[in-house]
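> Take the given structure of chain G and dock chain D to it, following the hints.
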Amino acid sequence: MTLDRTRDPKGAGFDWDFDGLQRAYDKVSDIALGELKLDIYPNQIEVITSEQMLDAYSSIGMPLMYKHWSFGKHFARDELLYRHGLRNLAYEIVINSNPCIAYLMEENSMMMQTLVIAHAAFGHNHFFKNNNLFRQWTDANGILDYLEFAKSYIARCEDKYGEAEVEKVLDAAHALMAQGVNRYPRKKAFDLRDEEKRARERAEEAERSHNELWRTLPRSGTKPQQNATEAERRKLLGLPEENVLYFLEKTAPALKTWQREIIRIVRQIAQYFYPQKQTKMMNEGCATFVHYHVMNRLHDIGFLNDGAMLEFLHSHTGAVFQPEFDHRGYSGINPYALGFGMMQDIQRVCTEPTDEDREWLPEIAGQGDWVEVLKDAWANHRDESFIRQFLSPELIRKMKFFNVYDDSVSDLIVKAIHNEQGYQTVRTKLANQFDVVSMEPEIEIVDVDLYGDRKLMLQHRAHSGIVLDEKETAYVLQHLADLWGYEVMLIEIAAQSDAVLKEHRASPSGAVASN
Amino acid sequence: MNIVDRRLNPRGKSLANRQRFIRRARKELTDAVREATAKQGLTDLGTDDKIRIRTDRLREPTFRHSHRQGERDYVLPGNKEYAEGDRIPRPEQDGGGGRGSQASEDGEGEDAFQFILSQDEFLDIFLDDLELPDMLRKQLRASESFSHVRAGYQVSGPVSNLNLKRTMRNSLSRRIALKRPRPADIAAREAELEKLEASVEAEDLEERARLEADIERQKSRSKRIPFIDPVDVRYNRFEQVPQPVASAVMFCLMDVSGSMTEHMKDLAKRFYKLLYVFLGRRYKNVEIVFIRHTHLAREVDEETFFMSTETGGTVVSTAFEEMIKVVQARYPRDQWNIYAAQASDGDNLSTDNSKVATLLRDQILPICQYFAYIEVASEHGGYEVNTELWRTYDELIKTGHPLAMKKVSRRNQIYPVFRELFSREQDQPSRAPT
Chain G
1 MTLDRTRDPK GAGFDWDFDG LQRAYDKVSD IALGELKLDI YPNQIEVITS
51 EQMLDAYSSI GMPLMYKHWS FGKHFARDEL LYRHGLRNLA YEIVINSNPC
101 IAYLMEENSM MMQTLVIAHA AFGHNHFFKN NNLFRQWTDA NGILDYLEFA
151 KSYIARCEDK YGEAEVEKVL DAAHALMAQG VNRYPRKKAF DLRDEEKRAR
201 ERAEEAERSH NELWRTLPRS GTKPQQNATE AERRKLLGLP EENVLYFLEK
251 TAPALKTWQR EIIRIVRQIA QYFYPQKQTK MMNEGCATFV HYHVMNRLHD
301 IGFLNDGAML EFLHSHTGAV FQPEFDHRGY SGINPYALGF GMMQDIQRVC
351 TEPTDEDREW LPEIAGQGDW VEVLKDAWAN HRDESFIRQF LSPELIRKMK
401 FFNVYDDSVS DLIVKAIHNE QGYQTVRTKL ANQFDVVSME PEIEIVDVDL
451 YGDRKLMLQH RAHSGIVLDE KETAYVLQHL ADLWGYEVML IEIAAQSDAV
501 LKEHRASPSG AVASN
Chain D
1001 MNIVDRRLNP RGKSLANRQR FIRRARKELT DAVREATAKQ GLTDLGTDDK
1051 IRIRTDRLRE PTFRHSHRQG ERDYVLPGNK EYAEGDRIPR PEQDGGGGRG
1101 SQASEDGEGE DAFQFILSQD EFLDIFLDDL ELPDMLRKQL RASESFSHVR
1151 AGYQVSGPVS NLNLKRTMRN SLSRRIALKR PRPADIAARE AELEKLEASV
1201 EAEDLEERAR LEADIERQKS RSKRIPFIDP VDVRYNRFEQ VPQPVASAVM
1251 FCLMDVSGSM TEHMKDLAKR FYKLLYVFLG RRYKNVEIVF IRHTHLAREV
1301 DEETFFMSTE TGGTVVSTAF EEMIKVVQAR YPRDQWNIYA AQASDGDNLS
1351 TDNSKVATLL RDQILPICQY FAYIEVASEH GGYEVNTELW RTYDELIKTG
1401 HPLAMKKVSR RNQIYPVFRE LFSREQDQPS RAPT
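Protein sequences, first through last, are from chains G and D. Quick note on this note's numbering: the first sequence kicks off at 1 and runs consecutively. Quick note on this note's numbering: the second sequence kicks off at 1001 and runs consecutively.
Only chain G is shown next, with the shape it has when bound in the complex:
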């Protein structure tokens, strides 16, 4: 390789320019589309300053967002950490939209810009467009329009009802954001463009009609059905319901139309981000695998010189570094490290399988066409199922995974390590660990006392005796009670035995819904 910079203007340390970006994009595109056969949304690459990057950070990475103090809080914290040099800014942010928007920071070197284009504009972009969860739950075509609608709707509400009133609804809805998603597939694909139109129709409809459920006057002639069976009542209300925000939006007795709409907006945004939670490791793995492949190929064809390559390797190894469990810097499993490791491993198994691989991964071992295997995995898996299916003994050994059992009381017990007897256990436990069900509490609304005090009843199924954080739960329940407008009760039961573990209650403070 030559180090002659006059012939090779992409040397390390060179400033980028717009022509350079275009050239790099074209080269990356040749490899990503030609060799990896990626299928992407059209790209829009936006160059921004570090301050704009901080801005984007704090409003959950979206280019358009309604206003809320919590985003200011995140900004304050990120800015502090950044200014004190405790944290670097991400090199890029990419948005699951069509066209796919990728932000590049102006401070990046030409090498970094090339890396980021490969990583975000091709890796993430392909994942967004092809992964099943994203296809099913998010609407890349409509998200920016929807956010525009959400932003202006909430701004209008602030004008009309005051910032403080809007803030109360948003605070409460944000607290329940994780409980604002549908976890199971539905029939119709998502169409956020339609949402805006429907928002208007809903408002009109709500003014015309009223909710049958809350009829307080007895129907003429018939006696009120005091003793409708429990099952009927629940069916009428669509219970049990895991999407708490959805339930509130549809049935909370005392909310005004605009408050329901705000809850809906928060819910839609939560749903939009839900696939990202479930595929974080794969998504980053995919993007990292793509940039690693592309950068190496660019080096092969002489587009990147040795200096730039060294700079690249430095930043790449930093991203995929997995500190060991007893390392000071350990903060969980690095999704970049595991994702990239697994995908490289799949490439190896496809092309140079060992006998062990043939035993553990018979479908793909020696299959040869690793590009197709990876693309299939990217399209059809989420983190949990991907690990269950593809984690090989080779990688378990490489990362020295071991399984620990902890009952919160006595000594920790090592249940399995990276050996013959342990592989299956480690693989299963790791997959469980990446399952959203194990990460997030399983909470659903189970009943409403229709004829009495309208108390809302929720249930938390506590797996393995892991109950909710008491203090946080009290805060969230207060928000929930404020939205519901009546008393709220959360019962924690053991998932295995249905035994009641704990009860939490909250009464409305009258902050949001007034009766």
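For the record, the hints were derived by calculation from the structure and aren't laboratory data. Remember, it's a predicted structure, so these values are computed and weren't measured experimentally. Some clues are possibly wrong.
With a straight-line cut-off of 20 Å between C-alpha atoms, the simulated EDC-like cross-links for lysine to aspartate or glutamate are [what the hints assert, rightly or not]:
#: 1; chain 1: D; residue 1: LYS1080; chain 2: G; residue 2: GLU420
#: 2; chain 1: G; residue 1: LYS502; chain 2: D; residue 2: GLU1071
#: 3; chain 1: D; residue 1: LYS1080; chain 2: G; residue 2: ASP326
#: 4; chain 1: D; residue 1: LYS1013; chain 2: G; residue 2: GLU158
#: 5; chain 1: D; residue 1: LYS1027; chain 2: G; residue 2: GLU163
#: 6; chain 1: G; residue 1: LYS398; chain 2: D; residue 2: GLU1084
#: 7; chain 1: G; residue 1: LYS277; chain 2: D; residue 2: GLU1084
#: 8; chain 1: D; residue 1: LYS1080; chain 2: G; residue 2: GLU394
#: 9; chain 1: D; residue 1: LYS1013; chain 2: G; residue 2: GLU46
#: 10; chain 1: G; residue 1: LYS471; chain 2: D; residue 2: GLU1060
#: 11; chain 1: D; residue 1: LYS1013; chain 2: G; residue 2: GLU167
#: 12; chain 1: D; residue 1: LYS1013; chain 2: G; residue 2: ASP78
#: 13; chain 1: D; residue 1: LYS1013; chain 2: G; residue 2: GLU51
#: 14; chain 1: G; residue 1: LYS415; chain 2: D; residue 2: GLU1084
#: 15; chain 1: D; residue 1: LYS1013; chain 2: G; residue 2: GLU148
#: 16; chain 1: G; residue 1: LYS400; chain 2: D; residue 2: ASP1073
#: 17; chain 1: D; residue 1: LYS1013; chain 2: G; residue 2: ASP145
#: 18; chain 1: D; residue 1: LYS1013; chain 2: G; residue 2: GLU79
#: 19; chain 1: D; residue 1: LYS1080; chain 2: G; residue 2: ASP411
#: 20; chain 1: D; residue 1: LYS1027; chain 2: G; residue 2: GLU167
#: 21; chain 1: G; residue 1: LYS415; chain 2: D; residue 2: ASP1086
#: 22; chain 1: G; residue 1: LYS398; chain 2: D; residue 2: GLU1081
#: 23; chain 1: G; residue 1: LYS400; chain 2: D; residue 2: GLU1084
Just chain D, lined up with the frame of chain G:
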């Protein structure tokens, strides 16, 4: 593909969010400080060095798992020595290594928004929107000490104020502008001439004459253009700035006759404490003079002022006379800002009222920065009927005299009343009683 340069987009996209956050944090702090003072009592106001305030309204709660309970079964990277079945002693906290620190990733940051206020910050917030009325106007009038402040340059002045740097700069620019030959130039010419003379071809007369003439011209030019000219000289200029008087004296006047109950005195005491803290924030040095009166007035120390009771009638004018006496003896007006706060249940000998009005109008008010009257009543005290004293003062206010007065009957009214008296937005006329 499309490349867009967004760097020139309007900045501060998240400004509105930041402002909302700051507003919320500030409101939270203010509320917490108010609450803390309500609990603490005023006596402690100056003592605690740090005040910890947990800002619950800045939390973003979510349903999350408790880290203290339940069974967990997880996978960690980087095994070195463990074999299946090994037992590992529990790490000290649920952080240590492993899942603990992973799971608390979200939670940890919340605590970062605990504010620890120093006493100064605390009082700043506590007294945030309060201001001494008319302070500037009265202060300037009252202040007769001055300090010298640098204020640019002037062309004349004592030698000790000569600004060499500025003078030399003027000199240099003038010399350059007038093309004064540098000594080095002349020296170079002379060297050239010498060389010419020393050389064999001394017959080059024409060249020699030219050089000599040149040197001559340069020498005379540098004589005509002085190195330093009087127009170059600059002196530092100083300005006299009136120095606000940094000392204040606070007169506490109180009726201690039998009709003043302990409760009433307690109210008065609280008000004085607040005023003291407040003045302490504004002045370097605050002194307090306690004057108590029945039908006689006497300057006393703090303990006597609040503790002992006396019997006798009530003649308010005696307290004013005592105050005037003390001011004349110890607190010359050009060195002290004078504040006075009077607390009474409103009783006065009816024949004394006109004397009170005259004293106040002609002698007390003109020397005071601020005069506040607090009328204390018993806890159940309905004050349907305005007292003698109140009516007297009311007359003064109506005729435009700067005097503030409020009625207080319960402890929790002290702070609001105090705020009302000193709040910044307050307009001149609204200081009249409501």
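> Each of the hints needs a verdict: does it hold here or not?
To see whether the hints hold, each was checked on the structure:
1. In summary, the hint linking LYS1080 of chain D to GLU420 of chain G is supported, as the alpha carbons are separated by about 16 Å, within the 20 Å threshold.
2. Simply put, LYS502 of chain G and GLU1071 of chain D have alpha-carbon atoms about 17 Å apart, close enough for the 20 Å limit, and the pair holds.
3. Between LYS1080 of chain D and ASP326 of chain G the CA atoms are separated by roughly 10 Å; this keeps the pair inside 20 Å, and the hint holds.
4. This hinted pair checks out: LYS1013 of chain D and GLU158 of chain G have alpha carbons roughly 18 Å apart, not beyond 20 Å.
5. A C-alpha spacing of about 15 Å is found between LYS1027 of chain D and GLU163 of chain G, which places the hinted pair at or below 20 Å, so the restraint holds.
6. A threshold of 20 Å between alpha carbons decides the hint, and for LYS398 of chain G with GLU1084 of chain D the separation of about 18 Å falls inside it, so the pair holds.
7. A threshold of 20 Å between alpha carbons decides the hint, and for LYS277 of chain G with GLU1084 of chain D the separation of about 32 Å lies outside it, so the pair is violated.
8. As the CA atoms of LYS1080 of chain D and GLU394 of chain G are separated by approximately 16 Å, the hinted pair is consistent with the 20 Å bound.
9. As the CA atoms of LYS1013 of chain D and GLU46 of chain G are separated by approximately 16 Å, the hinted pair is consistent with the 20 Å bound.
10. Among the hinted pairs, LYS471 of chain G with GLU1060 of chain D is consistent with the structure: their alpha-carbon atoms are about 12 Å apart, no more than 20 Å.
11. Pair hint LYS1013 of chain D plus GLU167 of chain G holds up; C-alpha atoms about 19 Å apart against a cutoff of 20 Å.
12. Restraint check for LYS1013 of chain D and ASP78 of chain G: the C-alpha separation of about 15 Å stays at or below 20 Å, so the hint holds.
13. For the hint linking LYS1013 of chain D to GLU51 of chain G, the alpha-carbon distance of about 9 Å falls within 20 Å, and the restraint holds.
14. With a CA separation close to 5 Å, the supplied pair LYS415 of chain G and GLU1084 of chain D stays within the 20 Å bound.
15. Restraint check: the Cα-Cα separation between LYS1013 of chain D and GLU148 of chain G comes to about 15 Å, which is no more than 20 Å; the hinted pair holds.
16. With a C-alpha separation of about 16 Å, the suggested pairing of LYS400 of chain G with ASP1073 of chain D holds against the 20 Å cut-off.
17. Of the supplied pair hints, the one linking LYS1013 of chain D and ASP145 of chain G holds, its CA atoms being roughly 18 Å apart against a limit of 20 Å.
18. With a C-alpha separation of about 14 Å, the suggested pair LYS1013 of chain D and GLU79 of chain G falls inside the 20 Å cut-off, and the hint holds.
19. Taking the CA atoms of LYS1080 of chain D and ASP411 of chain G, the gap is about 18 Å. The hint holds against a cut of 20 Å.
20. At roughly 14 Å between alpha-carbon atoms, LYS1027 of chain D and GLU167 of chain G fall within 20 Å of each other, so this suggested pair holds.
21. Distance hint between LYS415 of chain G and ASP1086 of chain D is fulfilled; the C-alpha atoms sit about 8 Å from each other, no more than 20 Å.
22. Only pairs whose Cα atoms come within 20 Å are accepted, and LYS398 of chain G paired with GLU1081 of chain D is accepted, the gap being roughly 15 Å.
23. For the hint linking LYS400 of chain G to GLU1084 of chain D, the alpha-carbon distance of about 13 Å falls within 20 Å, and the restraint holds.
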